[in-house]
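Engineer: Below, each chain spelled out in residue letters.
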Amino acid sequence: MSRRPTKHGNFLEEFRPGEVFRHRRGKTLTEGLFAIFTDFSFTTNPLSKNVRYARAYGFDGLVAPPGLVMNMVFSQSVEDVSENGRANLEYIDMRFGVPVQVGDTIEAESLVLGVKASSRERDRGVVHVQTTGRNQDGRIVLTYQRKVQVWKGDLDAPVHEGEVPARDVAVSLELPPYEPGRGYRELAHLTSADTYYEDFHVGDVFEHSRGRVVTTDHVMLTGMLDNTSQVHCNQWMIDQQPDRFLGGQLIVYGGIPFYLCLGLSSPDVADNALGDLRYATGRHTAPVFAGDTVFATSEVRGLRDLSGRPDLGVLDTVLRGHKFARKGDEAEKVEIFYLEREIAVKRRSHYA
Amino acid sequence: MSRRPTKHGNFLEEFRPGEVFRHRRGKTLTEGLFAIFTDFSFTTNPLSKNVRYARAYGFDGLVAPPGLVMNMVFSQSVEDVSENGRANLEYIDMRFGVPVQVGDTIEAESLVLGVKASSRERDRGVVHVQTTGRNQDGRIVLTYQRKVQVWKGDLDAPVHEGEVPARDVAVSLELPPYEPGRGYRELAHLTSADTYYEDFHVGDVFEHSRGRVVTTDHVMLTGMLDNTSQVHCNQWMIDQQPDRFLGGQLIVYGGIPFYLCLGLSSPDVADNALGDLRYATGRHTAPVFAGDTVFATSEVRGLRDLSGRPDLGVLDTVLRGHKFARKGDEAEKVEIFYLEREIAVKRRSHYA
Amino acid sequence: MSRRPTKHGNFLEEFRPGEVFRHRRGKTLTEGLFAIFTDFSFTTNPLSKNVRYARAYGFDGLVAPPGLVMNMVFSQSVEDVSENGRANLEYIDMRFGVPVQVGDTIEAESLVLGVKASSRERDRGVVHVQTTGRNQDGRIVLTYQRKVQVWKGDLDAPVHEGEVPARDVAVSLELPPYEPGRGYRELAHLTSADTYYEDFHVGDVFEHSRGRVVTTDHVMLTGMLDNTSQVHCNQWMIDQQPDRFLGGQLIVYGGIPFYLCLGLSSPDVADNALGDLRYATGRHTAPVFAGDTVFATSEVRGLRDLSGRPDLGVLDTVLRGHKFARKGDEAEKVEIFYLEREIAVKRRSHYA
Chain A
1 MSRRPTKHGN FLEEFRPGEV FRHRRGKTLT EGLFAIFTDF SFTTNPLSKN VRYARAYGFD
61 GLVAPPGLVM NMVFSQSVED VSENGRANLE YIDMRFGVPV QVGDTIEAES LVLGVKASSR
121 ERDRGVVHVQ TTGRNQDGRI VLTYQRKVQV WKGDLDAPVH EGEVPARDVA VSLELPPYEP
181 GRGYRELAHL TSADTYYEDF HVGDVFEHSR GRVVTTDHVM LTGMLDNTSQ VHCNQWMIDQ
241 QPDRFLGGQL IVYGGIPFYL CLGLSSPDVA DNALGDLRYA TGRHTAPVFA GDTVFATSEV
301 RGLRDLSGRP DLGVLDTVLR GHKFARKGDE AEKVEIFYLE REIAVKRRSH YA
Chain B
353 MSRRPTKHGN FLEEFRPGEV FRHRRGKTLT EGLFAIFTDF SFTTNPLSKN VRYARAYGFD
413 GLVAPPGLVM NMVFSQSVED VSENGRANLE YIDMRFGVPV QVGDTIEAES LVLGVKASSR
473 ERDRGVVHVQ TTGRNQDGRI VLTYQRKVQV WKGDLDAPVH EGEVPARDVA VSLELPPYEP
533 GRGYRELAHL TSADTYYEDF HVGDVFEHSR GRVVTTDHVM LTGMLDNTSQ VHCNQWMIDQ
593 QPDRFLGGQL IVYGGIPFYL CLGLSSPDVA DNALGDLRYA TGRHTAPVFA GDTVFATSEV
653 RGLRDLSGRP DLGVLDTVLR GHKFARKGDE AEKVEIFYLE REIAVKRRSH YA
Chain C
705 MSRRPTKHGN FLEEFRPGEV FRHRRGKTLT EGLFAIFTDF SFTTNPLSKN VRYARAYGFD
765 GLVAPPGLVM NMVFSQSVED VSENGRANLE YIDMRFGVPV QVGDTIEAES LVLGVKASSR
825 ERDRGVVHVQ TTGRNQDGRI VLTYQRKVQV WKGDLDAPVH EGEVPARDVA VSLELPPYEP
885 GRGYRELAHL TSADTYYEDF HVGDVFEHSR GRVVTTDHVM LTGMLDNTSQ VHCNQWMIDQ
945 QPDRFLGGQL IVYGGIPFYL CLGLSSPDVA DNALGDLRYA TGRHTAPVFA GDTVFATSEV
1005 RGLRDLSGRP DLGVLDTVLR GHKFARKGDE AEKVEIFYLE REIAVKRRSH YA
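Chains as they are written, first to last, in my numbering: chain A, 1 to 352; chain B, 353 to 704; chain C, 705 to 1056.
Derived from the structure by calculation, the hints contain no laboratory data.
Bear in mind the structure is a predicted one, so any value in this text is a computation, not a measurement.
Hints are not guaranteed to be accurate.
Listing some non-contacts, in silico: residues in chain C with all C-beta distances to chain A over 10 Å [what the hints assert, rightly or not]:
#1 Glu718
#2 Lys753
#3 Gly762
#4 Gly857
#5 Gly887
#6 His905
#7 Pro946
#8 Phe949
#9 Pro991
Derived pair list, reagent style DSS-like, types lysine-lysine, alpha-carbon separation capped at 25 Å [said to hold, decoys possible]:
#10 B/Lys499 / A/Lys333
#11 B/Lys504 / B/Lys359
#12 A/Lys116 / A/Lys147
#13 C/Lys1037 / A/Lys7
#14 C/Lys711 / B/Lys685
#15 C/Lys820 / C/Lys711
#16 C/Lys820 / C/Lys851
#17 A/Lys327 / A/Lys152
#18 B/Lys468 / B/Lys499
Cβ-Cβ distance ranges computed for the label pairs, FRET-style [as the list claims (entries may be wrong)]:
#19 B/Pro532 / C/Arg843: 24 to 32 Å
#20 A/Val164 / C/Arg843: 50 to 58 Å
#21 C/Glu911 / B/Glu692: 54 to 62 Å
#22 A/Ala331 / B/Ser471: 34 to 42 Å
#23 A/Glu186 / B/Asp475: 34 to 42 Å
Cβ atoms here follow ideal geometry from the backbone N, Cα and C, with glycine treated the same way.
Same shape as in the complex, but just chain A (with noise of 0.2 Å):
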């Protein structure tokens, strides 16, 4: 008998700047993963839910919403690069493309942009990578950098230092154009009346009033989307190093609080959205574990047009999330998101 070594990822020795990873696997959005991920996250957008709105607005069928794009883009880049990973860091200029739509095809490649060892720990340091998701056609869907720390393997290995420039991927968010006679009016009860892009003010906050609690139910979640990282899921491993995991408990994967704060935004924000431009910036502020309650706020940084959609405007908004935790007899608010994050909104003007 001999032992074979087995699929665990990859550790910090072994990444490479300018490497790149054509992720395996591919991910088909079908009406399961798109029903159950679209559900959770309370959001209202009726794009992603009636598909009557949905045709009616130029789609073939039921749209992802932002954060199931993301997630499934995503997903798959944790197998190469973090299923050893300790704690996402940062996402960098997330930019959307073309729609993901029920049955579509996604797969997903990254290129490592750096590798850097920590000065302080020497068990772990960051990777750096760009990661691209693309369709079917081979279009674009959504392109982002993100830093990540992750576990050396061998505490003596070498590690292979550097940087090399990301890549210009050029992608912004395509629409179907917009047609007067398409009856947009009709279907107008369907979303907020005060939810258009005239509604809004550079200023303005939302302290979203629906929380909603994470059960284990993340552990199914996570598995959903190929999420093979074992913080997650891996009770057992846990269990012998509590001491090791933050929090020393399965922690919640960081896309179920990404696209939770999303949902729980959408309401008073996105309700009346055609879909997320870019994410400048963002990242996990704190972790998240079964039995919190995940709450959002969005700010109104930036009112502005969208160049060649007269019937669209732009918010630059932050999002945040927040959960509650317990100080003695005190509750202590506690913030867990960050995002930078641009919506193209309707315009009542053109749509009611």
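Using the hints provided, position chains B and C relative to the given structure of chain A.
Structural biologist: Chains B and C in isolation, oriented as in the chain A frame:
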């Protein structure tokens, strides 16, 4: 910065008799929602399991069980009507129309029939609505009245008390015609041999043998329906004021035990049904919490012909749900649900 | 009022050797059932993930992994055969036929091969059945024998002991033909580069690196299969007589660790498989409960050609599942599953 109001449903003082809500979003019945909701309920009717059987009976595809139709329509009304509900009091005259199949899009509206402040507690009152759901062709799939106890938002705000008459919504179950050439008998082994109309007698009582525990999966199931009521999913809110909420913990959304009781009864009384016709009245008599095991019983109160359909007969039944609670060393049976239910059941003479 | 008997499955004294059950319901494989069941298992084979890959290999759409085929057929037999089972003892000669794809409807039947009362415990005995599942075209998708320990309903009832010979069910895995023009190599990056037939050697042992905790989601997963066995979902029943049930708590339905072990092994031994051929024997060697983390190992016992398919080779493996149990301060490894498994794996010479 200016704080903006956020979506949170209506409070008692915001309702006006005669007001009509065209509920937002709508909902397309994907295979994801269908599979999870239908299967969790333990329904055994092959119309919702086996597309070969459903097509042989003249449907285009899998048929949504009555409990799923009820949940799809009801949940759309939550944001406007009962997001701030304390307890759902009664369902009245719930009638089914055109069957709902996978791929259908359902939209709903509610007319406010009555508003009444509580005479004893100044923080709540009762809202009475008539809700109707339609499919993408504008055909009615369900209509019913319900009464719900709703919190006031501002204790000092005046309540717009009053009543308006209900609309006359003419609707009854529409089924594909009986066609002797369809070869129903070749599929007769797919249902129980002893649950045809001829097998029932007035006075029959069925203590359905199966039970099913409700786990924290109720949070996900409720979210999948876009039901935004916070008492089902906002753990933090409950923890802040446990005295204010029934049981001091997350309460399971009533549509779940409603549907589960229908499913648990299915093998004994609805395995050979083609549909439910009407629920004259229904109510939740005690709350359900995660960890409770739900059971059901059915009692046959009447048997009658169905006009124009000699192949079918109507079972007038009472469906009751119960759970058990510990009382010291004893187990106490607690009724949780009561429904007067009329079922259209196949006659053996025509189908087996 | 008259109390009517209710559906509850068969007890030992109700089985007769030679009896055939045509199981009720049947089951259409929706995208909902497919997505949840396939993804929870951590399978990595893109035939079940990526419709672009599945079509390139000659399938019409996403292909059900062997564990899903097994679960769909097995669960249909539960109501008749093992709803009152105490423990599933053995799977014998499980062979796969036509692949199952999304949209297929599977129906199953079982022949009772043997009935035997326990010589030591008068409340139970063993039932031996041969179960076969067919698709909507009448073609066999799976056939196998199993032995299950079943409770008696009435301790004094006579047991119809005896045996009948098994039917000769001729079935073997049917795969789309190898066609050099299909461009398999262009998709080779979607699977691991080191899991082709040529990469394996007799004696190879893989300790699959990933583990997955089973949460209370097992109740929902089991319900989605229409598996009505009460030991998986009726918490109240267990609480009344904890001594009667293995472990004194809800026991996870065996199909879940069965499927999960297949999935956990997938990246190392089945990522480049086109299907599983046969399980000569299999058994659950210890129960699994919510909270257990499941792991798996594979051992290669033989390598051989597959008749008529020079593009494929057969891996004869043993798949074992295990979990860990605390014993004071020590962790004890507990084997939970054993399966002799034959896998049809692509040859690098033909595909990469």
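Engineer: It remains to establish, for every hint, whether it holds in the given structure.
Structural biologist: Evaluation of the provided hints:
no., hint, verdict
1, Glu718, "holds (36 Å)"
2, Lys753, "violated (5 Å)"
3, Gly762, "holds (17 Å)"
4, Gly857, "holds (36 Å)"
5, Gly887, "holds (14 Å)"
6, His905, "violated (7 Å)"
7, Pro946, "holds (23 Å)"
8, Phe949, "holds (22 Å)"
9, Pro991, "holds (17 Å)"
10, B/Lys499 / A/Lys333, "violated (37 Å)"
11, B/Lys504 / B/Lys359, "holds (16 Å)"
12, A/Lys116 / A/Lys147, "holds (11 Å)"
13, C/Lys1037 / A/Lys7, "holds (21 Å)"
14, C/Lys711 / B/Lys685, "holds (21 Å)"
15, C/Lys820 / C/Lys711, "holds (23 Å)"
16, C/Lys820 / C/Lys851, "holds (11 Å)"
17, A/Lys327 / A/Lys152, "violated (34 Å)"
18, B/Lys468 / B/Lys499, "holds (11 Å)"
19, B/Pro532 / C/Arg843: 24 to 32 Å, "holds (29 Å)"
20, A/Val164 / C/Arg843: 50 to 58 Å, "holds (53 Å)"
21, C/Glu911 / B/Glu692: 54 to 62 Å, "holds (59 Å)"
22, A/Ala331 / B/Ser471: 34 to 42 Å, "holds (35 Å)"
23, A/Glu186 / B/Asp475: 34 to 42 Å, "holds (40 Å)"
Violated hints, listed in ascending order, are 2, 6, 10 and 17; each of the other numbered hints is respected by the structure.
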